[in-house]
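Chains as they are written, first to last, in this note's numbering: chain A, 709 to 1092; chain B, 260 to 743.
Among the clues, some could well be false.
[Said to hold, decoys possible] Taking CB as the label site, the calculated pair distances span: (1) B:P489 / A:G734: 48 to 56 Å; (2) B:T480 / A:R1089: 53 to 61 Å; (3) A:V1091 / B:S685: 27 to 35 Å.
What the hints contain is simulated information worked out from the structure, not anything from laboratory work.
Here a beta-carbon is modelled for each residue, glycine too, at the ideal position from N, C-alpha and C.
Letter by letter, the chains look like this.
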Amino acid sequence: MEGRIVESCKIAIFCWESLYAERVGGLANAATNLAETLAKCHEVHYFTRGQVPDQTINNVSYHYCQPRGNNIVEYCDSMSRGMVENFFKFDTHQRFDYLHFNDWHAVQALHELQDRNTILTYHSTEYGRNGNQYGDWWEYKEISGKEWYGGLIAKRVTAVSATLKNEVMTLYNVPDWKCDVVPNGIVPRQFRADIDAGEVKKAYGIHPFAPLILFIGRLVYQKGPDLLIEAMKTVCQAHPDAKLIVAGEGGMRQFLMERAKYLPANFVGYVPDSEYIRLLNACDLVVIPSRNEPFGLVLLEAWSAEKSVVASNVGGLSENIDTFVDGLKVEPEPGSLAWGINTIMDDPSQAVALGKRGRKKVERIFLWEPIAGKMTETYARVVA
Amino acid sequence: MPALSIGFEVHQPYRLNRNFTPDPKVKKRHIQNLYFDEVNRDLLLRIAEKCYIPATTMILDLLDDGFSCAFSLSGTVIEQLEKWSPNTLCLFEQVAQHRNAEILAQTYYHSIASCFHDKTEFTEQVRMHSALMHDLFHADPTVFENTEFTFNNDIAGCVRDMGFCGVFTEGVERVLDWRSPNYLYTCRDIPVILRNTRLSDDIAFRFTNRSWDMYPLTADTWARWVAESPGEVVNVFLDYESFGEHMWPETGIFDFLRHLPGELSARDVPVILPSKVITEYVPVDSITVPDTISWADIEKDTSAWMGNDRQLTAFHALEAARVFAKDKQTWRYLQTSDHFYYMASKYGSCGEVHSYFCYLSGEEAFRTYMRIIADFEERSLRYMKNRRAARALRTLSPENAFYFHSPSGFIGYTAYSLDQFCELVSIVPADSLRYHQDRGDFACWINDILGDPLIAESIRECTERQDIKNLVGEWRDELWSHVK
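The following block holds chain A by itself, in its conformation from the complex (with noise of 0.2 Å):
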């Protein structure tokens, strides 16, 4: 197999976050089940933060550091020195093959093993997290500066979509030759659950048969919930029986709230994820009408549960979704939300059909194993 590692490898996983400890948001999914795949064949350490003890789980060494700072940019630096510290502890008898570093966190950690074989790799980028927008602060300047730094000075660089390798490319110079572009996995067992739909849909006061459509995400302009209420305007038309929920907390909630004073949306705040799990099995359609979307793991996710999909033709998104089979691609604005609503809730059968297919797809393309096959060839080109 041209260009892939056959041969057993020690690999070092950087990343500010994990599963089994300090745990913000998708990322720490996306490393750990990376670093656990990876470990069935090669020997896989993680360097990360949290205050517990070094302990290895399925087969992965994690190394824990605490650091301190008064600001996001302090910290992070105190802890790429303190993974550099563990890093050379285990970089002993046998040396590290690959070093592989997720977003701009562990960029000083990269600078000082920048001899090394590294790989860097761009969940997203401080541009798009701040809604596709340059910022004037000095946060901001600092983070896409150890980004754009972290571009130049690994040996290649992968993102998680086209979409977001065009970003990288255009906002940090990373040539074409040398950014691969390595999608997410998911363990979809996880999000499909045998349940009662109708019994869920009663405990929110909705009744068993009226069709369900769920928001999932942050309440944040990005992610687009204000154009899912303003489309919900007409859907109602067409739909009367239909009903909305919203999980998810953010600062626009407020603003939200008041405009769908008069429409069937029910807003549900933060919900834990075996809540999710029920939400999402229990509901009719999950629409995802975000403006940015550097890879969009919700999708995934629907399609794990078998349902169909209404998004945004927008990054990772765009590139995933194949309209027509397995979900729907429409533009970010409210007119065009509702079509792709109303489309799938005219045809229930369609929309179970189209969300069979993108559970055959998640089986085909998404799955852990594949993507980190992927990923070890990328390892592999940076020493061919």
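Guided by the hints, dock chain B onto chain A, whose structure is given.
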């Protein structure tokens, strides 16, 4: 002009008793009366009257006039005919001994044993079937046809090693790509006859479809399609029950069958037997089938039996039940593919086909199956060497399974065995684990249902997911080492 080979699948399962409840008073030798539904007898008699008797009588006449065709009868349908309709079995005996007919091999229990990791059970059932064909019909099948045409490279190799001359399977487009099913192929050095899906389904499914633009289909039209087909041999295989049972006599299906041989010979289409296909033609190419195919639905894979999580749960329970199966016969009856078919949750036209064939809903079928397999294992415990370990590892009925909850309710994950519990502990959301751990649910379940107070005490001490995972994982591995 191609030749035509035509074959029929004759099979009835022992459907499970929908109203099954465990009854320790029932003796072991009567256990099958408790597990299997009384409806089996009525259904068999109905199908015999509507299909087997009229269709076979007609086919016997056609065979006398020079028509030829193949039959594949499962062991379970033969048992049922012997018990409840011996006259019908006599008709099949006449067919089997007719010089223009051929009997094909399959698994005795029409089972999904070929999907098991270990193929010994599969080969044993094939041998049982061949022995039955020999004893009953004096026939020694040379061509093999697996349950619902399930097929892959491993099965091909297995069938070759058993000494068959050829194997029948589905002409799946994704395997053939640009190639036509109307030729002989090989797979792992065994000749493979491929079913022509379109011409087969024209009879089996579209014949009664009034919205089909070719409705009504007549024998001369269909014979013309065969005659005009490219290639060397068109292979058609049908559920025998299509004649008179799935499609009633009023649809004209018997008239179609009656006139078919005449229309075929009017167009000089030779009708030959599958074994003849293998000796007459030279394989044009070889195929590789890494992923299992079958003739089911539009997916043409195993999704009709192992497509959803319920079916997978039941399948793993069945495979794990091997060590409990002191009573092999009952275990084998539970392997019949139909039990799994009833648990499907399909949509669209395939969903309609599923619901036509299913005598109960998917959910109900699954619960019935799990109840029966749990009872079967429970009864086997007393004959097992390490009873305590076996008790902890057994499959559980829906009443004893562990249902993962969150404070707001059931979250859709159910553990029907310790094995599944170990798997789910790493999957369920952390807040659900915490909820159960705070209430001591895991400890209670392990103590009351799996019967191990020591592990139950230890699990109370666990605070992290990882601790629970390690504890039950190591315990499980140890138990299996005692039982295997």
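Evaluation of the provided hints:
Evaluation of the 48 to 56 Å hint for P489 of chain B and G734 of chain A yields a pass: the beta carbon distance comes to about 53 Å. At roughly 59 Å, the beta-carbon separation of T480 of chain B and R1089 of chain A lies within the given 53 to 61 Å, and the hint holds. The hinted window of 27 to 35 Å between V1091 of chain A and S685 of chain B holds, with their beta carbons roughly 34 Å apart.
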